[in-house]
Amino acid sequence: MADIPQWWMKGDWFDVCSCDIPCPCEFAQPPTNNHCEGVLAYHIREGADGAVRVDGLNVVAVAQFDGNIWAGEAHPSLGLYIDARADERQRNALQGVFSGQAGGFMATFAALVGEVRGLEFVPITFEVADDLASWRAEIPGKVVAAAEALSGPTTPPGARVQLLNPPGSEVGPGQVATWGKATANEVDAYGVQWNWASKSSKHIPFDWTGPA
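Per my numbering, residue -10 is the first one in the sequence shown, and the count goes up by one each step.
Note that these hints are calculated values from the structure, not bench results. Keep in mind that the hints are not guaranteed to be accurate.
Said to hold, decoys possible - Computed cross-link-like contacts, BS3-like style, restricted to lysine-lysine with a CA-CA straight-line distance of at most 25 angstroms:
{"#": "1", "residue 1": "Lys131", "residue 2": "Lys170"}
{"#": "2", "residue 1": "Lys(-1)", "residue 2": "Lys170"}
{"#": "3", "residue 1": "Lys188", "residue 2": "Lys131"}
{"#": "4", "residue 1": "Lys170", "residue 2": "Lys188"}
Quick caveat, the model's predicted, so the values are computed rather than measured.
The task is simple: from the sequences and hints, build the whole structure.
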């Protein structure tokens, strides 16, 4: 990786999936019914690949798998979308990071993927409330992923249900996962269709560096 520039990215990640609440994958366990269908959404608040800034750009993945991904049982099928606003240099930077070729945590995560269904550059909207009350991402005609923070009769007003140091964090170690309930998980993309509203969701911030 001697020819790969130093890079860093900080931002928001969330998923919506077909697992019951709470998603067992976050605890490094097999998914509900041993099968998962979900959307993984990334918003880069700020970051750079060498001299190329990637602030404000979004990436979305559509994934399916069977078995415990963290135990090496699963070989996910994944389709990737990158923000159409990215210019050529930014697209190259994001492809390098999210394919794992640029190292960092995503190299570890990409090694778990069994099949890449494709890559497209599309308009992506991404929203996350400052108080983590909700989060949402959308690709018109293809993906709608949204959730509200999980709450209940004994949750203090405005408080969030959170997990420290999750053993199956999809964005790397040492983060805080905020649990949610999906209000939308609609996919018609890369030859797959599903609608898993009211199932699990979680938000986790990410802070990556590479290539080491």
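Evaluation of the provided hints:
1. Lys131 / Lys170: Roughly 21 angstroms separates the two Cα atoms, so the pair holds.
2. Lys(-1) / Lys170: holds (24 angstroms)
3. Lys188 / Lys131: holds (19 angstroms)
4. Lys170 / Lys188: At roughly 6 angstroms apart (the allowed maximum being 25 angstroms), Lys188 and Lys170 satisfy the hint.
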